[in-house]
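Protein chains in written order, with the working numbering: chain A, 663 to 1080; chain B, 663 to 1080.
Simulated from the structure, these hints should not be mistaken for laboratory data.
Each hint should be verified, as a subset may be incorrect.
[Stated by the list, open to error] Computed, partial: chain A to chain B, Cβ under 7 Å:
1) P750
2) N855
3) D858
4) M859
5) F885
6) R912
7) C916
8) N955
9) V959
10) C1026
11) F1035
12) L1043
13) G1044
14) S1074
15) A1078
This structure is a prediction, so every number in the text was calculated from the model and none was measured.
Here a beta-carbon is modelled for each residue, glycine too, at the ideal position from N, C-alpha and C.
Protein chains: 2
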Amino acid sequence: MDMQTLGREAKATAHKLAALSTKEKNNALLKIADSLQEALPQILAANALDLEQARANNIPQAMYDRLKLDEKSFLAIVNDMRKVVSLPDPVGEEFDGRVLENGLKLLKRRVPLGVIGVIYEARPNVTVDITSLCLKTGNACILRGGKETINTNIAMTKAIKEGLKKANLPAECVQYITDPDRAYVTELLHMDNYVDMIIPRGGAKLHELCKKESTIPVIIGGFGVGHIFVDKTANLEKSIDIIDNAKTQRPSACNSVDTILVHKDIAQTFIPMLAKRLASKKVAMVCHKGTENLAQVDNATVEIGKDEDFSTEWLSLRLNLTIVDSLDEVLEHMRKYNACHSDAILTDDYQNALRFVNEVDSACAYINTSTRFSDGGQFGLGAEVAISTQKLHARGPMGLTELTSYKWICSSDYLARP
Amino acid sequence: MDMQTLGREAKATAHKLAALSTKEKNNALLKIADSLQEALPQILAANALDLEQARANNIPQAMYDRLKLDEKSFLAIVNDMRKVVSLPDPVGEEFDGRVLENGLKLLKRRVPLGVIGVIYEARPNVTVDITSLCLKTGNACILRGGKETINTNIAMTKAIKEGLKKANLPAECVQYITDPDRAYVTELLHMDNYVDMIIPRGGAKLHELCKKESTIPVIIGGFGVGHIFVDKTANLEKSIDIIDNAKTQRPSACNSVDTILVHKDIAQTFIPMLAKRLASKKVAMVCHKGTENLAQVDNATVEIGKDEDFSTEWLSLRLNLTIVDSLDEVLEHMRKYNACHSDAILTDDYQNALRFVNEVDSACAYINTSTRFSDGGQFGLGAEVAISTQKLHARGPMGLTELTSYKWICSSDYLARP
């Protein structure tokens, strides 16, 4: 593959995309959705090839399920693209405007980033989602999906390019890396002359590769051990509902909880109640500081935890359980075990609630609320590009606005002098 | 040097700094300023050692002048630190607050980034400036100045740490890399477990090193070819004043102009006028497209330009001069030659002014104004950390706010469900 040509072509479209009106961008989204829908037979046929290969390779069932498209699931993806039409367009917003003493008029105007590179795993919906969000914000994109979905992605990209042409937009504004060779990922990460931002959507290895190799700014995200502290004043019944939700609603999500810290004064009462509920949901309790004695209820799966378990993001139905003496101890524990994503306090103590949100270094700090809310859709952002756990540019759930930058626009009557 | 210890110590202070009130931070700034002032004899003695070494190494006069401190210049630096006290503290600002339908209350709160690594050249004022701005925003910092100022910087850092102790703050929140070995810069760039942002302040080589090596987000900035387009409707007398200012006020600044594009309809009149003024200021004209015939006035230094000169950031009294047929040609030229910093149109044509600011991809787009305004102080930001020419996080002049991130604070009555 000639990656440099791919990059140059994408970059060349960026100034055209930046100049589009919201109406033109929405029209393009609808035309692309139509093209995708028309290509349904070809896309399902391509997906069948990927599934055949997947069976031949004995890939895990969960991955196979994510890979598989049928008419219903594909049309849902296409309709998600149509929904992006109704989201507000952040591009063109002007803010921080003012006139300085010397007569200089200043403002910031929100503009697209330019070209966004996205590297993701075997979820065919990401190809359509990212195309929608980039196009809505006037950005070109270079996509590289998992090799397991290559036929599906190529068929979808073909339909996307046809839709772009119908909308009189350059087909090169959505580029797909069709060669599964990993060397092209590395080359993409070095194309800082053409690409303005890299979004890796995948596991820890992919993020490490991007951190190490990329000469382009990268959005690191989706990692972090999730904590919930149950204070002695917490409403215990409601706390159990919250922990149940935070652990079991979608255990594989990055915003699900990994460690429960219980105040010593309520441990005797609360831990057996919690253990009973979680046993009914098949959650294995990884117990620290003697909590195994309190968690040992009927049907409970209980094991003794090791220190390194506190650093583990389970992504499954497992949960650390420990006892703490004070909020100080909670805060120290969270600093030690890298709380940086979504963490909660459950309390009716106003001072403790304030102190918790003031002092934790989490992207999202919660009071009496499930950490599962950390999601662009749930936060009312209308969409989610990624959940950033770094501090530059954007933190936590990223929506359309986070796919933009700004330019300063400065004017005077020729006479202002620095 | 044990860089890991340096990093761990800095990181350990970050949550303490984040919790300080504005009053406490301002008090610390005043205490540090006093400590620096008290250490004046020791700091000037250390500076004398650096100057002696500089003479022995025959460093260029301009660098020697930047290096040299005397009582007056040093007290000006210390007073700049005192001025930071009066700047507004961005930390703690809350924004984008709202209550969602499901009862979830959301807001973003501005928080420090954590630990900031700054790598800079032989300007002793940077050590004090960065300390002020980081401390005011509750950030710890790890500093690495040029080897030419090492004795001065070590003496200043010692005084800074004494001031921190007097203010009852941990001395480890300002760390200085005292060993000039370049290997420690590379090690710093890999310390993503401790450092949240890297700001390189120096030449192209340093920025390339940071882009290539850093696993920490980097602010790339200060580069870009500066353009001014003189449209056929521009006020010619006033345009000459602006170009004079943009080229000669401080030729070595990154926001000074490199290329003048003149509309063909006014070239015959304007270029000789401009050449006359610039000849009086000893500016060498690098002429393209036959402009040498028009620029050849008394005392003018005129030479024939080559295509690669359009890609050159002169940082000196040299200036490209060319003729264009239209605004389209200007925009195409600017895209080709990487306009990304500060660029201006001089025009009385409303449509052209709008189109220029809409379509250029510059961090700062100017109408009838000198590009020399691109500066945190001039923009009223109160301070300047860097001028970003990348699009992530911040673009253009960066002040105190750009040394912060935000956290999401999310609360409900236990009952909201995702």
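Taking the hints in turn, this is what the structure says about them:
1. P750: violated, 14 Å
2. N855: violated, 9 Å
3. D858: holds, 5 Å
4. M859: The hint holds - M859(A) has a Cβ within 7 Å of chain B, the shortest such distance being about 6 Å.
5. F885: violated, 12 Å
6. R912: This interface hint is violated because 9 Å lies over the 7 Å limit.
7. C916: violated, 14 Å
8. N955: Interface hint status for N955(A): violated (28 Å vs cutoff 7 Å).
9. V959: violated, 23 Å
10. C1026: holds, 4 Å
11. F1035: holds, 5 Å
12. L1043: violated, 10 Å
13. G1044: Violated - the Cβ of G1044(A) stays beyond 7 Å from chain B, reaching only about 12 Å at its closest.
14. S1074: Holds, about 4 Å.
15. A1078: holds, 6 Å
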